[in-house]
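Trainee: From just these sequences and the hints, can you work out the full model?
Residue-level listing of the chains:
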Amino acid sequence: AQSVTQLDSHVSVSEGTPVLLRCNYSSSYSPSLFWYVQHPNKGLQLLLKYTSAATLVKGINGFEAEFKKSETSFHLTKPSAHMSDAAEYFCVVSPYNNNDMRFGAGTRLTVKP
Amino acid sequence: GAVVSQHPSWVICKSGTSVKIECRSLDFQATTMFWYRQFPKQSLMLMATSNEGSKATYEQGVEKDKFLINHASLTLSTLTVTSAHPEDSSFYICSSRKPRRGNEQFFGPGTRLTVL
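Chain order of the listed sequences is A and B.
Read left to right, the first sequence gives residues 2 to 114 (our numbering).
Read left to right, the second sequence gives residues 43 to 158 (our numbering).
The calculated label-pair distances, taken between Cβ atoms and stated as ranges, are:
no.	chain 1	residue 1	chain 2	residue 2	range
1	B	Pro82	A	Thr6	18 to 28 Å
2	B	His49	A	Pro41	18 to 28 Å
3	B	His127	A	Ser53	39 to 49 Å
4	B	Lys56	A	Pro19	46 to 56 Å
5	A	Ser4	B	Glu64	27 to 37 Å
6	B	Leu116	A	Thr18	45 to 55 Å
7	B	Val45	A	Met84	19 to 29 Å
8	A	Ser4	B	Thr122	26 to 36 Å
9	A	His11	B	Ser60	36 to 46 Å
10	A	Thr18	B	Glu129	37 to 47 Å
11	B	Asp107	A	Ser81	48 to 58 Å
12	B	Thr122	A	Pro114	43 to 53 Å
13	A	Ser53	B	Glu94	22 to 32 Å
14	A	Met84	B	Arg154	18 to 28 Å
If you're looking for bench data, these hints aren't it; they were derived computationally from the structure.
Ideal Cβ placement from N, Cα and C applies to all residues, glycine included.
Mentor: Laid out in structure tokens, this is it:
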């Protein structure tokens, strides 16, 4: 079985400051891990994914995440927040080559001017 | 990236009526598509896995007679909410799994269903 825990339901940062969204996972198998972003009343957009290659994954819009097996974590970071980053972010775990994707509860990111 | 569309983007219906939502993969053939439900300010919950040419596989607690899924072609899956009630009001999102792209799913923009 696999699951993800997003440690913060809401994160608020000022524009231009770093972003850290935390995610811990549990998986019986070698996992694939994803971060998706959802803007209000919109579908999901893939930010980045980890599939057992490089542990530091770079995504779109300046986001990156590091897979740490020893800590079972896959935290999402960005050096400098932009107003357009305000959205809901979901961490997702899936066994490799398996349909079963499990979503975290989501973290709402607010960016203050 | 792959493109998945949903139609309609929003729908309002009366209690007791049925509503059909379409999910299309526009630039690839998807043997497997997925239907999710998202309540306000909550995460996505997988409802069912739709396989082309066979019956859908429903998650525990999802009524298959209430939520009818048809995956008649490699580019189209439909979800019909039968005899809709206000508690069925939700955001429904589909996704398609692209062959030879591992387990990455491409998501549609979602359909907002409001049942009066």
